[in-house]
Every structure is written in C-alpha cells, then in structure tokens.
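Construct all of the structure, not just a fragment, from the sequences and the given hints.
Chains A and B, in that order, are what the protein sequence lines are.
Residue numbering for the first sequence follows the working numbering, starting at 1 and increasing by one per position.
Residue numbering for the second sequence follows the working numbering, starting at 1001 and increasing by one per position.
The hints are simulated quantities; they were obtained by calculation from the structure and are not laboratory data.
For every residue, glycine included, the Cβ atom is placed at its ideal position computed from N, Cα and C.
A hint or two may mislead.
[As the list claims (entries may be wrong)] Partial list, computed: chain A residues near chain B (C-beta under 8 angstroms):
no. : residue
1   : 25
2   : 59
3   : 60
4   : 63
5   : 67
6   : 74
7   : 80
8   : 87
9   : 91
10  : 95
11  : 100
12  : 102
13  : 109
[What the hints assert, rightly or not] Heads up, simulated DSS-like pairs for lysine-lysine below, C-alpha to C-alpha not over 25 angstroms straight-line:
no. : chain 1 : residue 1 : chain 2 : residue 2
14  : A       : 113       : B       : 1067
15  : B       : 1073      : A       : 54
16  : B       : 1067      : B       : 1057
17  : A       : 57        : B       : 1106
18  : B       : 1073      : B       : 1057
19  : A       : 54        : A       : 105
20  : B       : 1106      : A       : 54
21  : B       : 1105      : A       : 106
22  : A       : 106       : B       : 1073
23  : B       : 1054      : A       : 67
24  : A       : 106       : B       : 1067
25  : A       : 54        : B       : 1057
26  : B       : 1106      : A       : 67
27  : A       : 57        : B       : 1110
28  : B       : 1110      : A       : 110
29  : B       : 1057      : B       : 1106
30  : B       : 1067      : A       : 110
31  : B       : 1057      : A       : 106
32  : A       : 8         : A       : 57
33  : B       : 1057      : A       : 105
34  : A       : 8         : A       : 67
35  : A       : 105       : B       : 1073
36  : A       : 106       : B       : 1106
37  : B       : 1110      : A       : 113
Protein chains: 2
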Amino acid sequence: MDTMTIGKVARLAEVGVETLRFYEREGLIEEPPRRESGYREYPESVIARLRFIKRAKELGFTLGEIKELLSLKIDPSTTCADVRQRAELKIDNIEAKIRTLQRMKKALVKLTKACDQRGPTDECPILESLEREDRKP
Amino acid sequence: MDTMTIGKVARLAEVGVETLRFYEREGLIEEPPRRESGYREYPESVIARLRFIKRAKELGFTLGEIKELLSLKIDPSTTCADVRQRAELKIDNIEAKIRTLQRMKKALVKLTKACDQRGPTDECPILESLEREDRKP
DNA sequence: TTACGGCCCGTACCATACTACGGAGTCAAG
DNA sequence: CTTGACTCCGTAGTATGGTACGGGCCGTAA
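Set out below in structure tokens:
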C-alpha cells in the first residue's frame, strides 16, 4: 500500500490533522477515498500540495488565491485562453511581489553597510524601499 | 500647517480611520501629538509608513514582523551589531521569499507555454515550483 | 448660531485560518 | 481480546487584523 492515513500525512507535511480536514472542506485538497471504516486514504501526492499551500501562505497568498493557483492547469473543463489569461495575471502579481521584496532587501543591505561605517541612519531606513517608483502609473 | 487630521491621512494612505487607531494601539505607528481638542495631528511622514505596512502585509509579513522591520535603524538605544544581525536575518528571510516566488513564476511561465503548444499539462503544474530543491539543507 | 461633517473613545462585531473538544468507532500490538 | 493510539464527525473556541457602532464633542461655513 502506498496510501497514508491522515495522521501520517499531517506529520509528513508538518500541518495539523484538523488543518487537513479544514482544507478538504475548503476545497484546497481533494476528498480522498475512504476505507470501509470511513478512514481517509491519502495518496503521496497530497504532501507536495500541502507543502505548496504552506509556502504560498508565507508569501501572502490567501487560501482563496492558493486555490486559484492550484486550479491553473489545462484540462477539458476550461480553455487554453482562459488558463493563459489567469496565469498571466498571477505572473504579474508575483513579479510585483518580487520587485517589492528586492527593494526591501536593498534598503536592508544599505542599512547593514551604514552599520559597518558606524554612521547614523534615518529614523526608519526601510521606508526607503518604496520612496521612489511608488506612485501609480 | 503641514499636519493632517486622521481622516486626511486615512484617505491619502488608502486605509480606514479605524485602522490607523488600531495600528497606533499596536505600536506600528507613533502616537501623534494632539490639539487641545484631542484631535490627532499627523506629520506627512506617516503616509510612507502606512504604505510600507500595506505592502509588507501583501508580502506575507505579519504586523509583528512589520514592527520589527520598522524598528531596524541605528540609534542610541541599540548596538550596530544588533541591528546588523537583525537586518541580516530579515535579508535571508526576504531572499527565501524571492526564490520561492521566482520558482512559482517559472512554473506559471512554463504553463503559458504549454498552453501555446496546446499540449496537456499535469494535474497541477504549479506544484513543480517546489519539486526540486525542496528538502531542508 | 446652528447645521453637519469630522473626530473622540470604548466596545462589539467580523472574516480568515485555523485549533480544540467530546463522544464514539477502529486498528494493531502485545 | 484488551488497551491505547488513531480516526470519525460536528461544533465551538482562538488569534490576527481589522471594521462598525454609538453617544458625545469639535470646527467651520452659511
């Protein structure tokens, strides 16, 4: 058997058993087949999915957005054009996040350098990370 | 006068008035001086701070983490070494987020290309974004 | 000088994303 | 064949991050 009980999945993915049931209710993971006793029998693939959800949450995606990300695939229920359009929106969204993070990083690197030089810094140097190019186009 | 009432600040920073009072209670923004009437008088600088908070939230930082980011500055109450160490931890954290976002983006770009070729995709192609280099070092 | 919006405060409520609880059935090691 | 950990389900409670409400004072413009 290469199926797992909910407890094993939870340990491997480092989430709570209740979280798994919660994600199932919310439609983030598929309802797995059951034994006769009612016990859930998960395939191994659910682990990767759970780890993806964990990471995406840390990046500020809501469960709703994560559901959208996970639904991005080409299948008979949708059109290529639709998938492409949704994927491109997500790509733009992700690129914006990357740019903001890069500016934050830059401000922090500058701060550590100011540190080396033992110079004083502004009241709040990380705010530099959005001083320029912050107005709407 | 270059000070603003809470309502004006809220409009400019695109947050609610109640959110401003909430952030004040939580220590994310300083308590501003008051008029005799009790009205808060904000300096312009609070706008940049609020916009930073908004963006950082979208990147998955909690209000607690944002408070830490905003406190990263060299001043008499702390040492250079301490600021440096805290900044470096945040830099590592930010770099990890950037790497994960780049992998997600790559998976989505690949998906749009599969779309062009009208080929079918895996059950859930975005999961690729963490298939490799996903074990702890 | 009064109308009407803005602001004061405390408190209560809300959505999201879990997390815990309780009572009953299940499984497998000893 | 029992014991103890695991699972089932529904429901309730929690933490975070706001958001709304209500009664009362403030400010300014007609």
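Here is what the structure says about each hint:
no. : hint              : result
1   : 25                : 19 angstroms, violated
2   : 59                : 5 angstroms, holds
3   : 60                : 3 angstroms, holds
4   : 63                : 13 angstroms, violated
5   : 67                : 11 angstroms, violated
6   : 74                : 5 angstroms, holds
7   : 80                : 5 angstroms, holds
8   : 87                : 5 angstroms, holds
9   : 91                : 5 angstroms, holds
10  : 95                : 7 angstroms, holds
11  : 100               : 6 angstroms, holds
12  : 102               : 7 angstroms, holds
13  : 109               : 7 angstroms, holds
14  : A:113 <-> B:1067  : 21 angstroms, holds
15  : B:1073 <-> A:54   : 31 angstroms, violated
16  : B:1067 <-> B:1057 : 11 angstroms, holds
17  : A:57 <-> B:1106   : 18 angstroms, holds
18  : B:1073 <-> B:1057 : 20 angstroms, holds
19  : A:54 <-> A:105    : 23 angstroms, holds
20  : B:1106 <-> A:54   : 19 angstroms, holds
21  : B:1105 <-> A:106  : 21 angstroms, holds
22  : A:106 <-> B:1073  : 14 angstroms, holds
23  : B:1054 <-> A:67   : 23 angstroms, holds
24  : A:106 <-> B:1067  : 18 angstroms, holds
25  : A:54 <-> B:1057   : 17 angstroms, holds
26  : B:1106 <-> A:67   : 18 angstroms, holds
27  : A:57 <-> B:1110   : 22 angstroms, holds
28  : B:1110 <-> A:110  : 35 angstroms, violated
29  : B:1057 <-> B:1106 : 24 angstroms, holds
30  : B:1067 <-> A:110  : 19 angstroms, holds
31  : B:1057 <-> A:106  : 18 angstroms, holds
32  : A:8 <-> A:57      : 22 angstroms, holds
33  : B:1057 <-> A:105  : 16 angstroms, holds
34  : A:8 <-> A:67      : 23 angstroms, holds
35  : A:105 <-> B:1073  : 14 angstroms, holds
36  : A:106 <-> B:1106  : 23 angstroms, holds
37  : B:1110 <-> A:113  : 38 angstroms, violated
Figure legend: structure checked against the earlier numbered hints; hints not met, in rising order: 1, 4, 5, 15, 28 and 37.
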